[in-house]
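Residue numbers (our numbering), protein chains in the order written: chain C, 122 to 404; chain V, 122 to 404; chain L, 122 to 404.
I should point out that these hints are in silico values taken from the structure, not numbers from a laboratory.
Please note that the accuracy of each hint is not assured.
You can't tell identical chains apart in this list, so a pair holds if it fits in one copy or across any two.
[As the list claims (entries may be wrong)] Capping the alpha-carbon separation at 27 Å, the derived lysine-lysine pairs in DSSO-like fashion look like this:
1. K379 with K336
2. K379 with K200
3. K378 with K336
4. K336 with K200
5. K387 with K259
6. K200 with K378
7. K387 with K200
8. K259 with K200
9. K259 with K336
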Amino acid sequence: MKTPSFSATKAAEIRIVRRSPAYWRVTFDLPPLNIFGPENFPQLNAVVTELETDAHVKVVVFESAIEGFFLTHYNFLAKLEDTTNVPPGTTGLQALPDMLVRLSRAPVVSIASIRGRATGVGSELALASDMRFASREKAILSHFEVGAGLVPGGGPMARLPRLIGRGRALEVLLGADDIPGDLAELYGYVNRSFPDADLDGFVDALAIRIASFDKQTILETKRLVNVASLPADIEIAAEWDALLASIVRPAAQERIKKLLEFGLHKPGDVENQLGYYVAQLEG
Amino acid sequence: MKTPSFSATKAAEIRIVRRSPAYWRVTFDLPPLNIFGPENFPQLNAVVTELETDAHVKVVVFESAIEGFFLTHYNFLAKLEDTTNVPPGTTGLQALPDMLVRLSRAPVVSIASIRGRATGVGSELALASDMRFASREKAILSHFEVGAGLVPGGGPMARLPRLIGRGRALEVLLGADDIPGDLAELYGYVNRSFPDADLDGFVDALAIRIASFDKQTILETKRLVNVASLPADIEIAAEWDALLASIVRPAAQERIKKLLEFGLHKPGDVENQLGYYVAQLEG
Amino acid sequence: MKTPSFSATKAAEIRIVRRSPAYWRVTFDLPPLNIFGPENFPQLNAVVTELETDAHVKVVVFESAIEGFFLTHYNFLAKLEDTTNVPPGTTGLQALPDMLVRLSRAPVVSIASIRGRATGVGSELALASDMRFASREKAILSHFEVGAGLVPGGGPMARLPRLIGRGRALEVLLGADDIPGDLAELYGYVNRSFPDADLDGFVDALAIRIASFDKQTILETKRLVNVASLPADIEIAAEWDALLASIVRPAAQERIKKLLEFGLHKPGDVENQLGYYVAQLEG
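The following block holds chain C by itself, in its conformation from the complex:
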């Protein structure tokens, strides 16, 4: 096992653990809530770059070290300029959507192992991954954004309808409610949900299995699936623009302010039941 190539302090938050040269795990460890913000861009970018360029890695599992949170919403306390002033990535997209579309195209199999909340950007990372498996008892997927006056920005309008169909995608996005593991499986939002005790074993066995296959065969097969299934970058770009436009409107400003007053960004009910709280903001 090697430590990743970025600085030790930051490495602790989004860290690569190499089970083998072919099988990596990436752990989100941003206490107390796995909130992701512009301060984490360099870390995620380093991970995606290693996945794109390492000659040996075949499979990566994304998981959380934080009880209750796989990876949750964006950091609303960060200054907007910290997000918008980051130069575009190699795809020409802004930093966050750039990293997500690169992950989808990376020559490596990415698996999101979801225990706890995958909300907003957490769901977007899961959707940008190749596969998603969820804890039946402990996973919550959600796009709460519309409830907060925000247009989601990292790909779900492009990805969810193609994955689960227009009707269920609109329910997830416009209902903005918490989706537990079982329902996520029924909808195809995750590949499958497992009893919590079985999730790690299943994902580990699948990753070990894939890691035993030939890398070129994997990447050529994935590349052809990409042709049939990935949205065009322009659709993701349009989402990001719509998100940025929505953030500065009064609806979002007022709703996010109320959520923060209720307790957003602090451990407790609002973070644990965001789907409930976004429906308590009107008027």
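Guided by the hints, dock chains V and L onto chain C, whose structure is given.
Below, chains V and L without anything else, positioned relative to chain C:
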């Protein structure tokens, strides 16, 4: 609550009830069977136009006031010219497909709450809606048309494969059989089916929830989902042309004649079990 | 019932049985394992050509006469030239993908009734069919190819993501494991799985039902579904090219050699549990 703006007599058949300025319900009340025909075009058009233009409505629920029928097949007793002589709508499509594609794009969330049969045009209206929820015991979705010698004309060949996949779409369309609520859920034809006693409560809570969100955020998010999921109008136009061409062929004329002799258009077995009866017409 | 028009000896292996002029069954009977290779191209081509050109056939059911195998992987003992030297078909594609895309577009409803393994080319034929129904206890669908160092070549990267979504398609293709009937139903890989005792009755009733409908109505409806759901031929062509390129690479050569040493191509564990064995080949 206001009454809709079209004439009182017709308003009774397809009527808007405003639970609030943001949350409307549209009730189909065309006794005895909720058969929809060209005589109902102006009513549905008025509803769609209000949904497109009202500044406050955010969510609309379509439901039925007729026991056993959400909205069923087209009116086969109407003269063909009553359908074909209606001028095209604003999309350039013929009247019925025009209204359906406008509903799909309307800046409002549409939810079909399906209890009873959603057959033919009833299924097409449900498929043109953003989401569909069904009574487990009382919902029947179906496209019986191929069994009657008709090519379906209001969008299902374009919409169903994108929603539920090619294989299940072909089964629904070419099998032409009744699909109960549970199977519709398994196939993704509806978002979910609920025990009949729970359907109204779920749909109402979801609608109230969405009605509490910001309208601009809803419509921008939906617009981006539309990009990823709506068929091009030309596909719907091609279906309508194929339907009109099929109606005048002997196969349809003979099959519809037999169905009418068996009891189509009258309360009873044929209307209740249309999937069964279309398979009794050969020879 | 008529015998098919190709030679009696070969006819026995892939044979048409006409239940009626409108309802045909095609039986795969290539003992002992229903392995399909270039030697079977003329037989399958004759079947597809008859389905394309017969004026009366409306529905065809594909089934197996071999216990445990619907139709399994390609013949690895055949010389590569026997596959590559066959002239392209009428679509311009190479022989096998040509037959598969023609089946998908044929003016007849094709139903795969899957009992036993549908692996590799067997799954590709099932996916090229219009619908798939599976025995809950006895069906296994799989794409083992990546595990053998091969890029699948007959359409699954184009078809599976459109049918079951990107995430589950990547799991099937890159996990390369056996998918039992129940999971295939959950994923939408098959329309439905049935208790083994019910499969034949369901499929037969559906086929009889469809055979009672009007052929022109069926084919026009299917043609419009095709527009919405079939991949472009170029995607299938790219898969075939990728398969041929992969076969001659060391990864595939070594892995296929090991599988043959383990017992591939002979009745027994390797053929019965190919998903397990492809994960035992590393190093």
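Q | Up to 27 Å CA-CA - K200 versus K259, copy category | A | neither (31 Å within a copy, 52 Å between copies)
**Q.** Alpha-carbon proximity between K379 and K336, which holds within one copy, between copies, both or neither at 27 Å
**A.** between (49 Å within a copy, 18 Å between copies)
Q: Using 27 Å as the alpha carbon limit, work out where K387 and K259 are close: within a copy, between copies, both or neither.
A: Within one copy only: 19 Å inside, 45 Å across.
Q. From the Cα coordinates, with 27 Å as the cut-off, is the pair K336 and K200 best called within, between, both, or neither?
A. between (41 Å within a copy, 26 Å between copies)
(Q) I want to check one pair: K387 and K200. Are their C-alpha atoms no more than 27 Å apart within a copy, between two copies, both, or neither? (A) within (18 Å within a copy, 66 Å between copies)
(Q) One pair to classify: K379 and K200, alpha carbons no more than 27 Å apart. Within, between, both, or neither? (A) For K379 and K200, only the intra-copy Cα distance (18 Å) is at most 27 Å; the inter-copy one is 58 Å.
Q) Should K200 paired with K378 be assigned to within, between, both, or neither, using CA atoms and 27 Å as the limit? A) So K200 and K378 pass the 27 Å test inside one copy only (14 Å; across, 59 Å).
Q: Can you give me the call for K378 and K336, within, between, both or neither, at a CA distance of at most 27 Å?
A: Between copies only: 18 Å across chains, 48 Å inside a chain, cut-off 27 Å.
Q: Have a look at K259 and K336 and pick one of within, between, both or neither, based on CA distance no larger than 27 Å.
A: neither (33 Å within a copy, 32 Å between copies)
Of the numbered hints given earlier, the model fails hints 8 and 9; all others are met.
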